[in-house]
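K.L.:
Residue strings, one per chain:
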Amino acid sequence: MPSLDLFLQPEIFLVWTSALKTLVILGVVLTMVAYSVWAERKVSAFIQDRIGPNRVGWAGLIQPIADGVKLLLKENFVPGGVNKFFFSIAPSLAMIPAILVLAVLPFGSSLFGVPMVIANLDIGVLWVFAVSSLGVYGIVLAGWSSNSKYPFLGGIRSSSQMISYELSLGLSVVPVFMITGTLNLGEIVQYQVDNGWMVFPAWFQSGGGLLEITTDNGSMFGLNLGQSLLWIPMMVSFVIFLIAMFAETNRVPFDLPEAEQELVGGYHTEYSSMRFALFFLGEYAAMIAGAGVIVTLFLGGWSLPFIPDGSQGWFWGLVNIGTFFAKVAAIIFFFLWVRWTLPRFRFDQLMKLGWYVFFEVALLNIFLTAGILAYLQS
Amino acid sequence: MLTILFWVFSVLMLASAAAVVLFRNPVNSAMSLVLTFLALAALFVTLDAFFIGVIQVLVYAGAVMVLFLFIIMLLDLKAETRRRLNIAALAGGIAVLGGFVVLITHVVKSLPASADHFPTLARTGYSDAYDIGMTLFSDFNLPFQIIGVLLLVSTIGVVFLSRRSLR
Chain A
69 MPSLDLFLQP EIFLVWTSAL KTLVILGVVL TMVAYSVWAE RKVSAFIQDR IGPNRVGWAG
129 LIQPIADGVK LLLKENFVPG GVNKFFFSIA PSLAMIPAIL VLAVLPFGSS LFGVPMVIAN
189 LDIGVLWVFA VSSLGVYGIV LAGWSSNSKY PFLGGIRSSS QMISYELSLG LSVVPVFMIT
249 GTLNLGEIVQ YQVDNGWMVF PAWFQSGGGL LEITTDNGSM FGLNLGQSLL WIPMMVSFVI
309 FLIAMFAETN RVPFDLPEAE QELVGGYHTE YSSMRFALFF LGEYAAMIAG AGVIVTLFLG
369 GWSLPFIPDG SQGWFWGLVN IGTFFAKVAA IIFFFLWVRW TLPRFRFDQL MKLGWYVFFE
429 VALLNIFLTA GILAYLQS
Chain B
296 MLTILFWVFS VLMLASAAAV VLFRNPVNSA MSLVLTFLAL AALFVTLDAF FIGVIQVLVY
356 AGAVMVLFLF IIMLLDLKAE TRRRLNIAAL AGGIAVLGGF VVLITHVVKS LPASADHFPT
416 LARTGYSDAY DIGMTLFSDF NLPFQIIGVL LLVSTIGVVF LSRRSLR
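Protein chains in written order, with the numbering used here: chain A, 69 to 446; chain B, 296 to 462.
If you are wondering where the hints come from, they were derived from the structure by calculation, not from laboratory data. The beta carbon of each residue, even a glycine, is placed where N, CA and C say it ideally should be. Watch out, some of these pointers could steer you wrong.
Unchecked claim - Within a straight-line C-alpha distance of at most 30 Å, the following computed BS3-like cross-link-like pairs (lysine-lysine) qualify: (1) A:K217 / A:K138; (2) B:K373 / A:K152; (3) A:K152 / A:K142; (4) A:K217 / A:K142; (5) A:K217 / A:K420; (6) B:K373 / A:K217.
As the list claims (entries may be wrong) - Pairwise CB distance ranges (calculated): (7) B:V396 / A:I434: 45 to 55 Å; (8) A:L293 / B:D434: 34 to 44 Å; (9) A:K152 / B:V444: 42 to 52 Å; (10) B:V391 / A:G95: 50 to 60 Å; (11) B:L445 / A:D416: 25 to 35 Å; (12) B:T376 / A:G95: 46 to 56 Å; (13) A:S379 / B:H401: 39 to 49 Å; (14) B:R319 / A:W382: 53 to 63 Å; (15) B:Q440 / A:P78: 37 to 47 Å; (16) A:T85 / B:S305: 30 to 40 Å.
Full structure from sequences and hints, please.
P.N.:
Have a look at this one:
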């Protein structure tokens with residue numbers, strides 16, 4: 069069978085497995101995007117004591133497809149006086165960075181010996197920040213090229229908001245790297261498999277625990293002094309990162325760029341049909357990617373305590389992948405829950421919160437982590 | 296493969312760098328500059344310098360250019376009107392450019408041909424972020440710390456000053 073051998077050569081194997089992983093992840097995430105729109109409507113309906121979409125399919129489950137068909141069939145109207153070039157590329161610029169972030173997220177341990185991450189970069193986290201910082205161009209250019217006041221205000225707000233919150237977003241995860249000693253997302257997850265999740269450090273490998281229960285396979289459960297001390301800066305990091313992620317993905321309470329009551333629709337006021345849909349989907353894709361990053365950095369990625377990884381058989385590999393997406397879904401539910409619970413911030417409050425609170429706290433948190441690490445090593 | 300990528304990204308980089316100067320509309324220029332930075336980052340990546348490539352995108356394309364765009368939009372800069380050709384300015388420009396090209400060819404020609412005359416980063420087998428970090432924190436620790444403190448103080452200074460003016 070020469071044809072099979074060809075597929076198993078290292079380079080060719082890498083190419084087709086990567087292509088397959090990319091297609092599958094793209095399919096899964098785009099489906100998740102469609103169904104998080106449905107979930108948004110269902111959750112908001114539940115919170116506001118309504119029923120929500122229930123006509124198309126059972127419990128409205130085919131609603132996303134109906135919406136998609138509607139948006140595709142609508143007239144793609146381009147208002148007069150817009151800058152045509154930037155007006156047409158802006159929706160894609162908003163969508164692409166969100167998708168690119170997914171390339172470095174480890175969405176599972178391994179399946180048949182193939183690591184479940186599309187690109188295992190040594191600088192994975194920096195890739196996430198670099199690519200997601202490009203997402204602002206879509207919004208800013210949409211606001212500017214529309215040649216209209218409200219979209220313009222939305223674009224301006226978006227650029228200043230993104231710059232302010234990127235700083236605390238980046239600074240808040242520095243303690244994670246200081247503890248794990250790597251920027252590789254896969255290794256950060258592996259650290260959490262061995263030493264407990266960042267927000268839940270309940271097991272460890274080496275001894276020295278305050279409370280410990282050793283299981284048959286040698287791993288220990290309980291509390292150990294170092295990890296309990298490091299849990300404090302980790303929780304600070306987690307909270308800042310989570311809140312900054314809300315600002316980065318333009319979600320309530322930080323959805324100032326599109327604030328319906330003040331700016332009509334913000335940056336996408338002048339858009340219709342599929343171009344509008346791209347902004348809409350881009351926002352949800354960014355939310356899913358952001359949730360994936362949160363899960364990977366703080367919630368142990370694909371790992372669950374007592375569950376082995378994919379090297380123990382394909383079943384556990386699939387369980388790991390399922391765990392990752394279940395955690396992502398839980399974070400998305402949290403995003404939706406917050407949106408329908410909290411009122412929107414005023415713009416000056418948003419800027420003050422970013423610059424006067426989160427920036428300083430994230431900075432102090434780095435020093436605190438460094439102090440604890442130095443104390444533990446001495 | 297790498298050679299093809301090098302040519303693709305160099306041509307893209309130089310073309311968009313020229314576009315920055317040639318466009319009349321400031322937003323077009325700014326976006327061309329973003330493209331220049333992205334192509335430059337891609338060139339770094341083809342040289343296995345992932346860290347520098349990604350920092351290039353993060354700092355220049357992701358932060359500095361967003362600020363540029365922000366200022367261009369805030370000041371509402373309109374497209375520059377085409378001015379009459381100024382012969383003296385044109386001659387001066389060509390003279391400076393020509394001088395620069397002559398100078399740089401002389402410098403490049405006088406360089407030793409072999410690559411071992413240039414200090415390279417010692418590769419340890421870890422990621423390039425590790426190598427850069429080790430070099431910065433061991434060989435160049437003091438200058439690095441001074442730059443770090445300077446940047447931190449200026450950031451805190453900006454926050455402090457803007458806070459005072461609010462009162």
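K.L.:
Run every hint past the structure and note whether it holds.
P.N.:
Now the hints, each set against the structure:
1. A:K217 / A:K138: 28 Å, holds
2. B:K373 / A:K152: Cα-Cα ~16 Å, so holds.
3. A:K152 / A:K142: Holds, at about 19 Å.
4. A:K217 / A:K142: 25 Å, holds
5. A:K217 / A:K420: Satisfied, since the Cα-Cα distance of roughly 25 Å is no more than 30 Å.
6. B:K373 / A:K217: Holds, because 16 Å separates the two Cα atoms, which is no more than 30 Å.
7. B:V396 / A:I434: 45 to 55 Å: 46 Å, holds
8. A:L293 / B:D434: 34 to 44 Å: The hint (34 to 44 Å, Cβ to Cβ) holds, given that A:L293 and B:D434 are roughly 35 Å apart.
9. A:K152 / B:V444: 42 to 52 Å: 48 Å, holds
10. B:V391 / A:G95: 50 to 60 Å: Because 55 Å falls inside the window, the suggested range holds.
11. B:L445 / A:D416: 25 to 35 Å: 29 Å, holds
12. B:T376 / A:G95: 46 to 56 Å: 51 Å, holds
13. A:S379 / B:H401: 39 to 49 Å: 60 Å, violated
14. B:R319 / A:W382: 53 to 63 Å: 59 Å, holds
15. B:Q440 / A:P78: 37 to 47 Å: 43 Å, holds
16. A:T85 / B:S305: 30 to 40 Å: For A:T85 and B:S305 the Cβ distance comes to about 31 Å; the hint holds.
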